[in-house]
Structure formats: structure tokens, C-alpha cells
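Letter by letter, the chains look like this.
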Amino acid sequence: MDSIAQLFTDAATYRLLTIVILSIFLGIEVISRVPSVLHTPLMSGANAIHGVVIIGAIIVMGEAASDDYLALTLGFLAVILGTLNVVGGFVVTDRMLEMFDKKKKRK
Amino acid sequence: MLLPLIYLIGSITFILGLKMLSHPDSARKGNLVAAFGMTLAIVGTIFLYRDHSGNSLGNYPWIFAGLVIGSIVGTLAAKKVQMTAMPEMVSLFNGMGGACAMLISIVEYHHNPNPSMGMLVVIVLGMLIGTVSFSGSIIAWGKLNGRIKDRTIPAGQAINFLLFAGILTMAVLLVFSISSAPFLFYGILALAALYGILFVMPIGGADMPVVISLLNSFTGVAAAFGGFLYDNPVMLTGGILVGSAGTILTILMCKAMNRSLKNVLIGSFGGQKTGGSVGGSKEQGSYKEISLNDTAVLMAYASKVMIIPGYGLAVAQAQHACHELEKVLEDKGVEVSYGIHPVAGRMPGHMNVLLAEADVPYDKLKEMEEANDQMAQTTVVLIIGANDVVNPAAKEDPASPIYGMPILEVEKAEHVIVNKRSMKPGYAGIENDLFFKPKTSMLFGDAKKVLQDLVSELKQV
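Read top to bottom, the protein sequences are chains A and B. Going left to right, the first sequence walks through residues 117 to 223 as the working numbering numbers them. Going left to right, the second sequence walks through residues -6 to 454 as the working numbering numbers them.
Derived by calculation from the structure, the hints in this document are not laboratory data. Keep in mind that this is a model prediction, so the values were computed, not measured. Where hints are given, some of them may not hold.
[Unchecked claim] Dumping the calculated EDC-like pairs for lysine to aspartate or glutamate here, alpha-carbon to alpha-carbon at most 16 Å: (1) B/K405 x B/D352; (2) B/K72 x A/E179; (3) B/K73 x A/D183.
[As the list claims (entries may be wrong)] A short, non-exhaustive set of chain A residues, derived as facing chain B with CB atoms under 10 Å: (4) V136; (5) I137; (6) L142; (7) M159; (8) G161; (9) I171; (10) V176; (11) S182.
[Claimed, not checked] Simulated coverage check for chain A against chain B, where a stretch passes if three residues somewhere in it have a Cβ under 8 Å from a Cβ of chain B: (12) 144 to 156; (13) 183 to 192.
A virtual CB, placed ideally from N, CA and C, is assigned to each residue, including glycine.
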């Protein structure tokens, strides 16, 4: 068990915190001006992007010992759910945006 | 060094993807860019990931089986879902992501019998937020498709506060290793699940988009904790980006409805019927009905007709019938446009997507400001299953819960025809004075049937 002090003297912590802070500002900047028509597709697209959690699921699954049934079962489930999030999310978003495309051409 | 490079590319595609998604012209490409980056990151992880001792991942058959099952089910679900049910689908996928984060934390908790404090914090927070997002999204999904009804929980806020306090206490006990009993970990899991349910349960249907957007950013944060756990930059950037972008999006949505986030969450909108007194105490007078035939004649001889769609149109799947009506009217020389309120339907942009499915030309859809400008020159306004977005109480009655929300000012038009199934108030549970105004006529019936009948009537005029 390390102490809180140790946690805050760790260089890795700061490296990660830097990424976090920059990403927060980036996220705000990137979508601060968006027409309301795009709110739903944008939400759906962002929904697919947080499916990146699948990578964690793959690592859990890949590192599970072959007799660790708990990790195998939960990891397997996590891979399925994460994939659902990613694939379903991107496909749904594409379907929504496809319709915007169609009417653009007709215009 | 290949994997860090792949992760960097992944992060960049997420940023670019989000950026492109916020402009109509590049939106579709943006989605594909992000999807490409995601694929790259997933494939890279599978084949190039090494743990601290340099071992590569195992259990490939399991991983690929999971990926294949998830992809097939996800694609089928996303392709098959009706346009009207899109919001539910997004909520459901969001819940899957939350559950994934939750499961990862559970496994890692068991993997690390003696975790460092930092690691424990990350595991517990990832599990906590993932679980709230999961249970909350499932409730939101159920509410949107009507399986779960709105329900006010007595003393709901007090219970939520207690739950929160309970979670906090257990988390502190666990993290500071005052006790390391596994029941604490699972206690937090159970309370978090309950919290998610109670958090979404009382929120009214009209506010559901806001809640889904908020839960979406929760899942983003949960994914970011996974990034901390594995020291994985792409999970971190992807998760945090969605967390912050999602929060901003949530606030933008609230602004479109002119309500504060706090207001939505503590919510008097759907739960308590504060608006009831508005309708009840005031003399409402009577409404008048109009026949299909009269409607057809009125519209056929109008110079300009504006159609205002709402959730009723989506429920009745009447978008094609609506387009049909538009074509018949145009053949008769009537100018037809659609007035789209930013929050009409169950999600912002819901109506645009729906009408686009029926091939309604893009330039016929007018955003609220433009629609309001044209209102005075409009002969007939036909409101199909919309209610709160045309409720004059938003402008006139400071006591109304929707007071201050910008609305489509239909009263400026010459005639207002409202198609509804009955006189029941709208989703927000607020009486609508519009129905009792002298200009307004009611045309009762299912939107699809009424529109189809209207089309055949019009053909005979």
C-alpha cells in the first residue's frame, strides 16, 4: 500500500493528468459550436467513441489465466458488450448521417 | 514502438472525428474517420500489446469470438432499428459501454489482491461510474420505448442523497484500506446500480435526450478510468474527450430548451405536475373540432402551409404519409414547408432524421427562427403530434414549468390545425392553451391515418 504522497510524486501520474486536462479542453473546443440538427448524430458518434473501453476488455480477456473462469467469463462478456457499443454506435451514427447525405445531393 | 504510434493515430482520429461530426458537410466522413481509428486501435491491441514482462495476449479464440458476436449483433440491431427508435438504441449501446467498464473493474479487482491506493481508486471509480451509466441507460431505454412509465419516487431526493452517502462511505473505507472486505466492493456496485435507476426514473420523457447525453459522458469518464488502469493513452483521450464533449453537448441541449441542467436533474418537468394548476385554475373555454373534408379544402386553397411535426408523427410512423401530403399540396400550387423546433420529438434533430427518411427535401425543413419569420405569411399551420414546442404558456405564463423555452409561434398564422389523438396533455404533462384559442381547430386521430385520409380527400378537391 503506498500513500497519497507517493501517488503524487509519481511521474506517470502527471503524464496522465496532463493528457486528461488537455483532452478536457479539446473536447470543449471541438464541439462548442454545433447546429442543433447535429446534436443527436454527434451524441451517437461520441457514444461510439467511448466504446474504446473495449481495449480494456481485450486486455482483461487476453491476460486471463486459462483456469480463471471468473475473468474468462466476465472478460468475454465485456468484449461482447464493448464491441456492441463500438460497432452498433458507429453503424447507427452512419445510418443517421446517411440521410443527411441523401438530401444534400438532392438539394 | 508501433503500438504507441497506433494509439496516437487512434487519438487523433477521435479528435478529428468529433470535430468533423459537428459540421453538417463533413459529419458522415468524421464518423468513418473515428471508426477507422477505433479499428486500428483494437487490431493493434490484439496483436501488439505486451504486458510488463513482455508477454503477448492469449485467449485469442475467446477474444475473436466476442468481437464477432458483438459485431454481428451490433450491426443487425443498428441496421434493423426503426428511425423512430434511434434514441433508445443510442441509450442501449451507451449502457453496454458502461457495463463493459464495470466488468473490467470487477475482473481487475479480483486480479489485484493487494492493489496500490491509486489503482484501487481507479478501479472503484471506473466500476462506480460504469455501473451508474449502465443501469441509468437501461432505464432511459425502457422509458423511451414505453416499457417503463414515469414514476415519482416519494422522497426520491433524500433516498438518492442517502445512496450517495453510502457509496462514498464504502468507497472511503475501501480505498483507505480500513476494511478490504469484498462485500464493500460489491456493496458499492449494488448501490451504484440502484442510484442509476433512481436517478433516471423520475425524469420526464421530454428531458430524456439530456439524460442520455449526460450518461454518455459518464461512460466516457468510466472508459478514461480504464485508460488510467492500463496506462493506455487512447482509452484515456477517447474517454475524456467524450466525457467533456458530452458534458458540453448536454449543456447545449439544455440551452436549446432554455432550461438549466440542475432544473432537468432535480426535475419538476415530468414528475410532479406543477403545470397542472395552470390549466386547472384558469378558464379554458372550449375547443372546436374540424372535419377532414374542411381541412382538405382549407389547405387546398391556402397559399402557404407549414407542417409542424412532433413526437406524435414519429410514434405513428407517419413521415411517409406526411411527405405524400406535401406532394399533393405542391401539385395544387400550395407552398409547403416544415417548421422544426430544435427539441421536437425525443431528441434534438429527431424530426430532421425522420423526415429525411421519407425523402423530404432538405431545403423544406425550416429551423425555428426561420419558421417563426415566415409564420405571419402562412395560411395554415398543421401541427402533427407536437405539443409543448407550440405551447404559448412558454411565452405568456411565468408559472409554467416551460416558461422561457423558445417556441414556434403558430398563432401568427391565419389558421392553426392541431392533429392529436386526444385532448390529453403532452409529454411534459402541461395543459396547452393553444388548443382553446379561436384560431385553433382540432383534428383528432392517429397521425398516419389522418394524413392518409387527408391525402385522399385532397385528391378529390
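For each hint, the structure was consulted:
| no. | hint | result |
| --- | --- | --- |
| 1 | B/K405 x B/D352 | violated, 29 Å |
| 2 | B/K72 x A/E179 | violated, 33 Å |
| 3 | B/K73 x A/D183 | violated, 38 Å |
| 4 | V136 | holds, 5 Å |
| 5 | I137 | holds, 9 Å |
| 6 | L142 | holds, 6 Å |
| 7 | M159 | holds, 5 Å |
| 8 | G161 | holds, 5 Å |
| 9 | I171 | holds, 5 Å |
| 10 | V176 | holds, 5 Å |
| 11 | S182 | holds, 7 Å |
| 12 | 144 to 156 | holds (count 12) |
| 13 | 183 to 192 | holds (count 6) |
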